[in-house]
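A.B. asks: Spelled out, the chains give:
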Amino acid sequence: MSRLRISLLVLGAAIASLTALASTAGATSHRKYAVSGNLSWVGIWSGAEQKHFQAVLDAFQKKNPGVKVKYTSAGDNVPTVLSTAVAGGNPPDLASIGQPGLVKQFAARKAIKPIDFVRPQMLKYYTPSWITLGTSGGKLYGMVFKGANKSTIWYSVAAFKNAGVKPPATWTQLLANAKTLRASGTPAFSIDGGDGWPLTDIFENVYIRTAGASKYDLLAAHRLKWTDPSVKVALKTMAQIFGDTGNIYGGTTGALQALLADSVNAVFSTPPKAAMTIEGDFVPTAATVKAKPLTGYNVFPFPSILGSPPSVVGGGDTVVMFKDTPAARALISYLATPEAATIWAKLGGFSSPNKGVPASAYPDVLTRITATALAKAKIFRFDMSDLAPAAFGGTAGQGEWKILQDFLKNPKDIDGTASKLESAAAAAYKK
Amino acid sequence: MFLAPAVILLVVWILYPLVYTVWRSFYDRSGANFIWFDNYQTLFTTDTTRTAIRNNAVWVAVVPALVTAIGLVFAVLTERIRWGVAFKIAVFMPMAVSLFAAGVIWRIMYQQEPSRGALNAVIASVHDKVQPPGPLSDALPSGTQLTGTPATGIVLKTPVRPGSVALLPLTGIPPDQVPAGSVQAKQPTPQAGAITGAVWRDFKPGGGTPGKLEKEEVGLPDVTVELRDSSGKAIATTTTSGNGNFTFSDVKDGEYKTAIGSATFRQPYGGVAWLGSKLINPSIMIAYIWVWAGFAMVVVGAGLAAIPRDVLEAARTDGSTEWQVFRRVTVPLLAPVLSVVFITMLINVLKVFDIVLSVAPPSVQANANVIALAMWRTSFGGVNDFGLGSAIAVFLFLLVIPVLALNIRRFRREV
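Chains A and B, in that order, are what the protein sequence lines are. Be aware that the first sequence starts at 1, since it is given in the working numbering, and climbs by one per residue. Be aware that the second sequence starts at 432, since it is given in the working numbering, and climbs by one per residue.
If we strip away everything but chain B, and leave its shape as in the complex, we get (with noise of 0.2 Å):
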């Protein structure tokens, strides 16, 4: 009698909305039809349901491992450093932030372009220090007398002699990108003994000429212009001015070619796609363990705490190394508290839900889908399936109650 709480608790909240879901499993979209294992069948032979199971298993496989391996080694440093509590405090903190929270904070911090994600700054800050962006970034060759791209450099097509004259037009430079000091490009006269040229935005509102200097288009001061042998090897370099005019003095008799080397075409660095499809899975992963860590820190740190210390002291005066004593006696004591922490994960794994939704743009949740997101986004995104979704439902279901029934079992074992 004492019990009947309980127990009308129980049928309301876990016993009616199992069974309800198994019944409704068996039935179609519209609940009319009794279907048999149809959607269970659908659920092991679309795209969308074997990828999330398929991510299901890397997150099984990686990360109750990973987590738990972390969280030791975390826990045996910091009780040997000295600022061992305020690390410990920092590696706990995002424990206290819900998961879908801390998603979206790694989702800011993914983001590609470095102006916006923090990571891909940090990366960036570092790559345009060993190579810096050219300062005509965008540029692009125009007219037809170019050839090469940006990414190799750009050469004048026919070789110059010298007392001619080498035009180099350019385009694609956003009018606020065009470098201070710039004023209408200038026609090169030619020298004798000299070869002369330009480099210049072929660029005026609808668009102009191309390879034809024009009014309003200005030239394109402080760019470095090589002057090539016939072998392509560069012999001189020069840099023009604000009318975007260079000249090579003292040319040799011959024939050359103009170019602008790739450098100044450097593009600056575009960041790693972090959310991009294929790092997509490593990335949600790196931020739930940051959430995680915590954790099992603490777990194995109390576990620490309580192994007798003379049985460490015993191992290093029979002259043992540290690394021996943490692998043949730190860790074998550690073990029970290891695998509670590797269930425990082992568990939250086969469920996790919110952090792929937060971290994984729309555009890559089909990649980075597992089970618990399939069983939503069937039953509530827009598909509206409850079938299928009861279906993943109960095979999520399915795959949790071994672990359970493994951490029922070592409970009594403790008890």
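If we strip away everything but chain A, and leave its shape as in the complex, we get (with noise of 0.2 Å):
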């Protein structure tokens, strides 16, 4: 009897002692590390991208040894991806996303969860627009973490020699360098009419330097239609460059059958076929050809136009969450940081919108330009294609794009595009 008794308190006490033991264990684990768990993580980024944000996450679990982040490129097809992740009910923890209008449509759902955790980082490292932006009903949701400069105009500077020209700062200078340029033997511009977003981009610094920011976003809300007078002046703007059909390289034709590498090789190549490209910080590495940076081609923000203040039109990726953890958290945090930033950042290829990111970061001269406009712009708006419904502003073939390359087809037509676009649009953000 008594004989089982202390058998039992012995199994107790041993019991207890293994569970202390183990209980200890576990605190040593947790003092050990601040946050363990697994992360997924679905993003645009491929490739080279892909390989650049892996160093950032690297950078994170060597800081976070718990946490185990597995990184799935999606490319383009993130909404799509995403989409069926959150109807399927089986979301990765985070996602780095293209376009805000998909993030502010998960944030209406509540698929994605609120990072105002985040805030008081942003406060300190981006400027208010960028907070603006991320925040939906109240909330922030998205952080832009991979910026992009859209206000540039690349040239080939064998081009501008050959015409005795230099980058202008005006719209009037743009347009009378143009002729010049024209007269030296080199059309003036190359338009990537093949794609038609690059034709929204023109329209946005166009219209963002006529018409000023409020209009911007109250167009980009479409609380403002489309066949609002402050629309045309832009069209009719931006016809003084379409409508110069002799200095397009390849004439209206040949323009709306190039795409993105075509536009820029003709800039890029020697001799050149064309002096500028009104396009976004990403030519360069969109160039097949050959050319150097600063003595081969070189880049200008988009001028002013009648005294516009300096504006920069951009984009961005995303970041956000699906699943509230610790881990996420914790990489959202650190991703806000300027270190982590500075880490792609020194890769190449990456603008980010963190202030802190010291401009020697930049491995070269031209993106350390408008990396540091981006982050730096007084005025910066998103991209109001990427804003709008993609119906209308975000597929190819279709709504503001085909207008607009319509438009480059007939720049005489002012009001019909401004009314085709305004039904186009009132058809898309109805839905």
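Hints were generated in silico from the structure; no laboratory data involved. Just so we're clear, the structure is a prediction, and the values are computed from it rather than from any experiment. Backbone N, C-alpha and C fix where the C-beta goes; we use that ideal spot for every residue, glycine too. Hints may be right or wrong, so weigh each one.
As the list claims (entries may be wrong) - Derived DEER-like restraints, expressed as beta-carbon distance ranges:
(1) A/T285 - B/R513: 51 to 57 Å
(2) A/T80 - B/W454: 15 to 21 Å
(3) B/S568 - A/G47: 55 to 61 Å
(4) B/N464 - A/A169: 47 to 53 Å
Claimed, not checked - Taking lysine to aspartate or glutamate and the EDC-like style, the derived pairs with C-alpha atoms no more than 20 Å apart in a straight line are:
(5) B/K709 - A/D406
(6) A/K179 - A/D244
(7) A/K110 - A/D324
(8) B/K617 - B/D653
(9) A/K273 - B/D569
(10) A/K110 - B/D459
(11) A/K161 - B/E648
(12) B/K664 - B/D684
(13) A/K236 - A/D415
(14) A/K273 - B/D684
(15) A/K409 - B/E544
Unchecked claim - If you want the ones that stay clear, here's a sample from chain A, every Cβ over 10 Å from chain B, calculated:
(16) A163
(17) S214
(18) G356
(19) K412
(20) A418
Reassemble the complex: the two chains are provided individually, in unrelated frames, and hints are given to aid placement.
C.D. replies: Dropping the structure here:
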């Protein structure tokens, strides 16, 4: 009897000590790793971008050995992959999305979780435009990690030298330069009309300068009609370039068939076939001909129109959180630091909206120019077509892309273009 | 019981997706709201989908008939020529290439710039033999003293008399296209009884003053200059030298005009816009027919081999011409085979997709749209409207059903 009792006691003590041991072991592991867990990330970055982002993730995992991040690239199919995953009830922990419209959609459906915990950091390192961009219904849902500056014009140094012109600061100078370039024998503009979206970027850059940022916001939300006089003014301004068909490389038909690489190569080749192309900071990576920065090609900011302040229209890939876990929070907080952004900046092909990233982190002079302009811009607005419903602003062959391609074909039709834009926008925003 | 695996596969991969697609087509983009037939209404009222339906109708009307006809002609001809087998292999080869790859090949061949697109390169080489491009195809008149355009020829506004000087400034000439042997342009000296002048590149870095002959501006040699009388007829021509100067000597007194004819400015051939919005549909169809003609030829060829020769011989003995034999005997006997080819092509053409996607550049995809492409673009091409996409899929499904039924009935009859 007593023996049994003793043995039971011993057993009980043994169990107690074992649990105690286990709990101390647990405590030590917690002390060792502040956070732990496995994270899955579905992102837009593929190829070299994926490799560079992996370097950022590796640095994070080194700091937090308890966390394992598995990155899967969905490339351009991010909207499809994520929509399907959300519908199927199995989203990844985190994602990076190119379309702010999709972020808003997910936020409205409560598919993504607020990330207000990162707000203090963003207030420190980002200009207010970026916080507004990520906010939906009063809560912060997205943080842009990789930005893009689309207010740049790339030019052939040789073509400018042959014509004896300098990078213009104003629209008037730009048009004067274009005339001189034509006389020198090089068409001034190479336009990627085949893709459609670069035309929307040109429109947005002209619009934010001729109509101002507040009208830009109204138009982006479709609280201003596309038949508004301000839109027509912008179209008329664009027609000063589109209408000068002799000054477009390949003429209108050539421009409408040119895709991104064609339009960039025309400027980057030797001898240059065209002098300038109005496209974002991704231009050097799009070229398939060899050209040297600074001596072969160079960049200047989109010029001011009638005294407009320096403004940047851009884009960016937004980081969102589907599952609120300490590990996910830790990763987002890490990505908000200049340290994380600097890792990718050093590897190239990256512009950070983070003001804390030192200019010296960028490997080449040109990225330094475009990236600093992006992070420091007083007036920054997100690419309007990316904010619009995809049926209007994000689909090849329809909506704004198609209508602006038609406008490139027939730049005299200002009123018709405006009303076509309005009816397409009205249909797309209704849904 | 032993049917179970097949039934399970059918249910999982065919029946469930089918029912779900129909079901989904009654919901809106978000999938939350049941909207009855709104998607179907959108389908028939939006421009993009209507273009797709119209294009698909053209495809159905043109392509199956053409493929069958071409297959028939090839099959009959290859029976008779000596290199029939080699020809058959060549025509059948495209079947080994995927439609998407075939589309990429044609997309490259269709490029407008003759230096990049094979088709236009051929046309351009012939065209430029007949009408060689001018030496200064990029040039434009400079200053205010010249009238006319490069297409019509450029004329100096003010008439000239013997002893006076004619200046013909041109711009728009890229530095690498300035002819060899050109040197600093020289201000021409007036000569009694002669008309002198200069043609030069009126441009120096920064632009210079238009119409004024300045330092750093070079003469344009070998330009043919015309001297025209008051009626506009060319009475003499001369060519310029390295410094751009030219002289018409021994000119009778009177008023003349100096001009540069349009031949100097003739553009090199620009190429046909195969991939432009006007030609894109025929262009894609040609590529598609190129791929499928081999299939039609082989199937028809097999049918041809099975035709009893004595019937043909009998017709010939009775005095029919070859055409009559073909028209009255061969074709009727081949009718079952021809209809197999035709119906197969009909089904293929109804769901044509990948070749349109790969041949048409994004800027004309709306013009080249077909139902299957519209379905894909609506569902996955950025709009991500699975509701409308499903509606298009259901519509396509309904279109294919009658043809399938026809085919099944034919199979039954044959069995």
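A.B. asks: Hint compliance check: list the failing hint numbers for this structure, sorted ascending.
C.D. replies: 3, 14 and 16
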